[in-house]
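Visitor: Here the protein sequences line up with chains A and B, keeping their order. If you want the working numbering, it's the position in the first sequence, counting the first as 1, plus 1241. If you want the working numbering, it's the position in the second sequence, counting the first as 1, plus 1241.
Careful: at least some of the hints might be erroneous.
No distinction is drawn between identical chains; accordingly, a pair holds when it is met within one copy or between any pair of copies.
[Unchecked claim] Straight-line Cα separation of at most 27 Å, DSS-like style, residue types lysine-lysine; simulated pairs:
id, residue 1, residue 2
1, K1297, K1335
2, K1479, K1297
3, K1378, K1503
4, K1378, K1517
5, K1518, K1410
6, K1436, K1510
7, K1410, K1503
8, K1436, K1479
These are calculated hints, taken from the structure and not from any lab test.
Protein chains: 2
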Amino acid sequence: MAQITVAVDAMGGDNAPGAVVEGSLMALREMPDLRILLCGPTEALKPLTAGAGDVKERIEIREAPEVIGMHDAPVLAIRRKTGSSMVVALMAVKDGQAQAALSAGSTGALLAGGMLRVGRIKGIDRPALAPVLPGRKNPFLLIDAGANVDCQSEYLRQFGLMGSIYMEKVMGVSRPRVGLLNIGAESEKGSRLYKEAHQLMASQSVYNFTGNIEARDVPNGDADVVVADGFDGNIVLKYTEGLASSLVGMLKDEMMSSTRSKLGALLLKPALRTFKKRMDYEEYGGSPFLGVSGVVIKAHGSSGPVAFKNALRQAHKMVSVDISGQIAREMAKLAGLNDKGESDPQ
Amino acid sequence: MAQITVAVDAMGGDNAPGAVVEGSLMALREMPDLRILLCGPTEALKPLTAGAGDVKERIEIREAPEVIGMHDAPVLAIRRKTGSSMVVALMAVKDGQAQAALSAGSTGALLAGGMLRVGRIKGIDRPALAPVLPGRKNPFLLIDAGANVDCQSEYLRQFGLMGSIYMEKVMGVSRPRVGLLNIGAESEKGSRLYKEAHQLMASQSVYNFTGNIEARDVPNGDADVVVADGFDGNIVLKYTEGLASSLVGMLKDEMMSSTRSKLGALLLKPALRTFKKRMDYEEYGGSPFLGVSGVVIKAHGSSGPVAFKNALRQAHKMVSVDISGQIAREMAKLAGLNDKGESDPQ
């Protein structure tokens, strides 16, 4: 059995390193072909892995004395803090010692590190952050959720490709429906960027572009992949978090407003718990950074052990299906189309 | 007592003309100084106003045989269908026969009509759609919710001004907090447009700019005015509708999942009704189209009689406080600042 090695930034996130190590041990027990390089200060990590027992042989501490904080300037930190747990994890991927890197640390730093330390897949202009979000009918992937503001239309076309491959290979959706976030269903709707992107996406058949998707239909899950500029995608991502918690808050206010409603709320407790779980996108693991030549996953900053375990399962899956190789191959097809398209007079 | 005259597009919206007329009569009974010009085909409207009784003298039918449909091309329809109920209503404002126009018809056509038939306030580059949305702590105004895609930073600065005046004069918020929608709180965050807009907004003191507001904090009501490009604003508006209904749907799924939860849901019925009402932005009337020289309000397409009545109350209030005059005066101040700013070397 070939092993899959994931380099884990043990110092990233609000609950590091405790929850990171706990989640890592859980993942090792669940996946017998998983190996973990735990990157961080040995003296802090050693006691935490003491109870590893049966999986001890598959977890190795990689000394990294520095930490990139949430307030470090991303690019600068990636360049200078070469001994940080995040850079050490990314370098392990670059050097081929690991196939994937996982971190719950600074998003900005991880994106910069993915670009600068791991590098892009040939043909991909801009790697993109691509979390899977809960939809009413089915989960959907949002790409780009914030890696690139001021996108060009070609980037959006590539996001569609990467998102489609992820949903098919990792999430098992056959021929994913790729929609372009927009303010109307008609192809001529939207800003200049989105109108151009629509044309580019409509003129290829490497993936299944289903047209514009209006924001109101996004939470339904009417598209499996929702393509957006990183600014708009980040607005959607953050707004989802904000609105969901605001709605639940407003609902709670109403539930506490009378004895009758309090009793109702009590009876509904288990249902509300399931609801909350359904809304919780950590269930799907972390946000993959698609387009870098290796697997890089951003776990939510507030991840607990189970979220880390899920993100490791996701990393394992992404490596197993060779996501980067798939993207490289399909991108070559898309680029071929593009060259042909460009030589045609329009 | 000076009368306030509102020209109402009797044929706009899903429930026209019945709900429009019913809401108009309710409004007339509530506001003794209100007068309504009901624009539409006389033969269709006459029977509906037959029961007006005590308010009959304050409602006048203005013959308009044509209707602008939802599929008409906006600019073309406004130019060609001069006999449509929407154009007749807008022209009444232009000609000074009414101080406000209200329509639940095509948003695109109403925006085009506001620009082409009513005209802009001096100094305002782009009028903007500005609905008030429910927030957890307090309602907030979103500007621009979709009138202008591909904005320039100066437009956004003006949106801040108009939104601030509306929240202060119409909604009674003192010194409204104006936030710029963004992907981070720091001033250097965001796309080129938003970075520039931030600088422009921060360099004036005509209104109270409180900095960037992250999408996750928007539904809380942390800003009284949320400024955005029309593309992003429309995404937020539509996504709010979609997510709220999707969340309520998911919640219902869970509530129907067991006998226990069904009983809980039954007990919670009144609380859920209040919750739904709180979420319903029609409570605040329609979306004003700020920046045109007159009051123009877009009512939601699905408005019922009460929503129309509320929108008429809103029109009445906007006229009473002379919203267009207020905007013109404050815009002159802002433009003065701008000229000074430009002559200073940076």
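Visitor: Decide, hint by hint, whether the structure agrees.
Guide: Verification of the supplied hints:
Taking the closest pair of Cα atoms, K1297 and K1335 come within 27 Å of each other only inside a single copy of the chain (25 Å); across copies the shortest separation is 80 Å, beyond that limit. When the C-alpha separation of K1479 and K1297 is checked against a cutoff of 27 Å, the pair qualifies neither within a copy, at 38 Å, nor between copies, at 51 Å. Taking identical chains as interchangeable, the C-alpha atoms of K1378 and K1503 lie at most 27 Å apart only when they sit on different chains, with a minimum of 21 Å there against 30 Å within one chain. With identical chains, the CA atoms of K1378 and K1517 are at most 27 Å apart both within one copy (16 Å) and between copies (22 Å).
Only within a single protomer do K1518 and K1410 lie at most 27 Å apart by alpha-carbon distance; the minimum there is 24 Å, versus 43 Å between protomers. In this homomeric assembly, K1436 and K1510 never come within 27 Å of each other (Cα to Cα): the closest approach is 46 Å inside a single copy and 44 Å across copies. Taking the shortest alpha-carbon separations for K1410 and K1503, neither the intra-copy value of 45 Å nor the inter-copy value of 38 Å comes in at or below 27 Å. In this assembly of identical chains, K1436 and K1479 lie within 27 Å of each other by CA distance both inside one copy and across copies; the values are 24 Å within and 19 Å between.
Hints 2, 6, 7 from the earlier list are contradicted by this structure; the remaining hints agree with it.
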